[in-house]
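Asks: With the hints as constraints, model all of the structure from the sequences given.
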Amino acid sequence: MNFWRSSILCILLVIMVLAVSTGNAETRIRCASTTSTQNSGLFEYILPLFEKDTGIKVDVIAVGTGAALELGKRGDVDVVLVHAKDDELKMVKQGWFVNRHDVMYNDFVIVGSPEDLADIRSVHSAMDAFRRIAESKTKFISRGDNSGTHKKELSIWKAAGINPEGKKWYLQVGQGMAKTLRIAANLRAYTLTDRGTYLSLVDREKLGLKILLEGDPILFNQYGVMAVNPEKYPHVKYKEAMTFINWLISDRGQKAIASFKDARGNQLFHPNAD
Amino acid sequence: MGFLIESTLKAVGIITSLDREFISIVLLSLRVSGTAVIIATVAGILLAVCIYQMQSPVKRLLIPLLNTSMGLPPVVVGLFIYLLLSRSGPLGTLNLLYTPTAMIIAQCVLATPIIAGIAHASMISADPEIRFTALCLGASELQATLRVIMETRYSILSSVVAGLGRVIAEVGAVLIVGGNIAGYTRVMTTAIALEADRGDFILAIALGMILLLLSLGINAVLYIFQKRGAID
Chain A
1 MNFWRSSILC
11 ILLVIMVLAV
21 STGNAETRIR
31 CASTTSTQNS
41 GLFEYILPLF
51 EKDTGIKVDV
61 IAVGTGAALE
71 LGKRGDVDVV
81 LVHAKDDELK
91 MVKQGWFVNR
101 HDVMYNDFVI
111 VGSPEDLADI
121 RSVHSAMDAF
131 RRIAESKTKF
141 ISRGDNSGTH
151 KKELSIWKAA
161 GINPEGKKWY
171 LQVGQGMAKT
181 LRIAANLRAY
191 TLTDRGTYLS
201 LVDREKLGLK
211 ILLEGDPILF
221 NQYGVMAVNP
231 EKYPHVKYKE
241 AMTFINWLIS
251 DRGQKAIASF
261 KDARGNQLFH
271 PNAD
Chain B
1 MGFLIESTLK
11 AVGIITSLDR
21 EFISIVLLSL
31 RVSGTAVIIA
41 TVAGILLAVC
51 IYQMQSPVKR
61 LLIPLLNTSM
71 GLPPVVVGLF
81 IYLLLSRSGP
91 LGTLNLLYTP
101 TAMIIAQCVL
111 ATPIIAGIAH
121 ASMISADPEI
131 RFTALCLGAS
141 ELQATLRVIM
151 ETRYSILSSV
161 VAGLGRVIAE
171 VGAVLIVGGN
181 IAGYTRVMTT
191 AIALEADRGD
201 FILAIALGMI
211 LLLLSLGINA
221 VLYIFQKRGA
231 ID
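Protein chains in written order, with our numbering: chain A, 1 to 274; chain B, 1 to 232.
If you are wondering where the hints come from, they were derived from the structure by calculation, not from laboratory data. No experiment lies behind these values; they were computed from the predicted model shown. By construction, the Cβ of each residue, glycine as well, lies at the ideal position given by its N, Cα and C atoms. Hints are not guaranteed to be accurate.
Restraint ranges, calculated between C-beta atoms of paired labels, are given here [said to hold, decoys possible]: (1) A/Pro48 / B/Leu83: 27 to 37 Å; (2) B/Cys50 / A/Ile183: 28 to 38 Å; (3) A/Gly95 / B/Ile124: 49 to 59 Å; (4) B/Val221 / A/Ser250: 46 to 56 Å; (5) A/Glu51 / B/Gln55: 57 to 67 Å; (6) A/Asn246 / B/Lys10: 34 to 44 Å; (7) B/Phe80 / A/Asp128: 42 to 52 Å.
Replies: Following this line, the structure appears as structure tokens:
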């Protein structure tokens with residue numbers, strides 16, 4: 001039996017050594033955020049600046065807004081940066097998060113193939129565009145993943161008085177924004193996207209998607225940041241999370257966001273901290 | 001077609017330029033999968049020996065169970081480990097979610113049944129004479145089993161290589177428990193998925209080529225072991 005016992009001890013030892021070796025001294029916090037901020041490259045640009053200022057490393061887990069909020073509610077991250085203001089405020093009220101601040105905005109646009117089969121170029125509101133897509137039964141790709149973009153899309157359908165659920169032309173893919181755009185391009189379909197992710201696709205020209213509707217006030221896209229409530233989860237790194245939040249809304253953080261450009265020189269996010 | 005060739009050439013350029021980000025992704029993949037397989041080897045062989053020596057009727061139940069778990073879907077394992085390690089889960093206090101350790105645990109769960117399954121199968125297919133002879137010569141049960149393991153070492157080694165081949169190419173589990181954090185838990189497979197989304201195909205192709213080369217190497221080693229095993 002000695003052989004067994006020593007082998008099991010060996011395994012436990014290895015696991016413990018590994019666990020210790022990864023938990024090294026530098027300060028890290030976890031931020032759950034959206035695929036749009038990751039796919040666009042924003043974090044890669046601003047996080048090294050933040051780290052230089054404060055010595056804190058931020059690990060970004062990029063999922064949809066719905067999933068990011070869920071990670072925060074489970075206590076798996078320290079801070080979230082998402083874009084669904086109504087939901088965010090609701091969850092602050094419920095006590096899951098504290099210290100919510102507006103950080104930046106961009107806007108949503110409706111993209112599709114240049115032929116524009118539903119002729120949405122000739123209307124000016126997102127609701128009318130959605131109505132035309134539904135009437136002409138042209139394919140529409142929905143994120144279908146409870147993300148901020150998905151929530152926005154659903155609110156537009158609702159405002160337009162249409163229930164697209166279950167329709168043949170309405171395809172829910174359950175993927176991140178970049179992948180959804182690729183699917184839309186390949187199926188010559190319409191989709192709703194944040195401008196940042198659309199502009200940041202390296203091979204955008206080849207995909208053949210065009211912005212067909214923009215500028216409707218309903219398409220405004222506000223990003224907010226908030227810390228997980230340390231009273232719910234005493235283990236969260238609340239102090240460091242607040243350092244991050246305060247940096248993002250400080251002049252320095254706001255300037256960093258404004259100076260972030262994609263490979264073609266487009267500004268993708270506009271700072272508007274309160 | 002031109003696009004594919006051009007991208008592939010550029011990808012070769014990235015590989016040969018030894019880009020730092022690129023190298024660190026490859027090294028993390030090797031570290032995570034390597035460690036996972038080392039632990040899984042010990043656990044897998046122990047499990048195989050346990051089942052091999054078992055006399056009770058539970059054995060009849062365990063063997064099909066083991067064979068089934070050789071094909072565990074990585075996303076399901078990822079989900080399970082996530083729920084286990086999540087702060088709201090039973091092992092949340094260990095603070096392991098979204099670390100390389102969590103990825104090692106998930107891959108370990110994937111590789112252990114493969115190693116145990118193949119090792120056990122090769123042990124029962126070994127010549128029963130080996131065991132009887134050892135027992136007749138006064139060996140204990142354990143010593144006789146160790147003898148069988150020694151005789152089937154090439155098959156067992158090939159099970160280890162098969163386990164490594166499985167976990168290094170796996171994306172579902174490491175994505176869920178690792179979170180694909182840049183410079184921390186981003187491995188080859190999750191990086192390929194991300195870069196393909198972004199449209200940066202060159203980095204994706206470069207990583208894909210390394211992954212294929214590794215698989216090729218792993219299979220070459222597997223082939224050599226199997227051949228040796230056949231000769232012995």
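Asks: Now look at each hint and say whether the structure bears it out.
Replies: Results of checking the hints against the structure:
1. A/Pro48 / B/Leu83: 27 to 37 Å: holds, 33 Å
2. B/Cys50 / A/Ile183: 28 to 38 Å: violated, 48 Å
3. A/Gly95 / B/Ile124: 49 to 59 Å: The hint (49 to 59 Å, Cβ to Cβ) holds, given that A/Gly95 and B/Ile124 are roughly 58 Å apart.
4. B/Val221 / A/Ser250: 46 to 56 Å: Cβ of B/Val221 to Cβ of A/Ser250: about 54 Å, so the range 46 to 56 Å holds.
5. A/Glu51 / B/Gln55: 57 to 67 Å: holds, 59 Å
6. A/Asn246 / B/Lys10: 34 to 44 Å: For B/Lys10 against A/Asn246, whose Cβ atoms are near 42 Å apart, the range 34 to 44 Å holds.
7. B/Phe80 / A/Asp128: 42 to 52 Å: holds, 47 Å
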